[in-house]
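J.: Sequence:
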Amino acid sequence: MPVAKTPRPHGGRAVREVQRVAVVIPAKDEQERIAATVRSARAIPHVDLVLVVDDGSEDDTQHAARAAGAVVVRHSHNRGKAAAMETGAAVVAMRDAPGRPERLLLFIDGDLGETAVNTAPLVTPVREGVADVAIALLPAQVGAGGRGIVVGAARRAIHALTGWTPTQPLSGMRCLTREAFEAATPLARGWGVETGMTIDLLRKGYVAVEVPCDLKHRASSNDLKGQLHRAAQYRDVMVAVNARRVRGAFDAVRGVRSDTVHR
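Read left to right, the sequence shown gives residues 96 to 358 (the working numbering).
Hints are not guaranteed to be accurate.
[Unchecked claim] FRET-style restraints, in silico, Cβ to Cβ:
#1 190 / 340: 33 to 39 Å
#2 97 / 191: 24 to 30 Å
#3 138 / 340: 40 to 46 Å
#4 280 / 340: 16 to 22 Å
These are computed hints drawn from the structure, not numbers from a lab. Glycine included, each C-beta is placed from N, C-alpha and C at the ideal position.
Input sequences plus hints: build the corresponding full structure.
T.: Given below as structure tokens:
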């Protein structure tokens, strides 16, 4: 079994058993599904906080989420998923109690509805110290219209830069330790956030695993809107990947120069 890089909470198994989990849900215009998602997420074992970051919604997302039992913070305008994730993690940190283990962060999408509780298996490998980040493997989604071009590009890039080949590199449902999240910041913007996070964590020695989860969400179809969505995904993934390629090349050159100086 792999061993996570993140140190386990001090105090032995008894302390680890009480480590809590915060569910963070970045959401925009999800009034129809957010309440069901929140209620379902609250049923995940070890979860004591469900936080919705309303990223500039123009509907009643924030009110529906609050009525369902979530803590809600709101961006006055749309800032993107990465900013919403960073806001959520910061709010959770402020709510962590001194002297207790930091909450694990479980990021999920706002459109999971009643299937949100099925992200529970992501928590186990992280709580038990097997992985620093656990990523959901989703079953095939009804109505999905993509041909796997973006997924394939992200998968190949992650493998080329880290040696690990994920099955679903774009999966946004993932549980990770506070240390791992901070190691991945600043997050890549747009739809490149997951690909960038995975590359950054693996390069720094953190352990990632993929876990099957029976989840259902709104899949993009093959109409014009769906095609434009996938084009934006591809653009953002490539921006994130190329930025990390450049950073890797720069770090390699700097490392060579450092070795030369010390000789």
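J.: Which hints, by number, does the structure contradict?
T.: none
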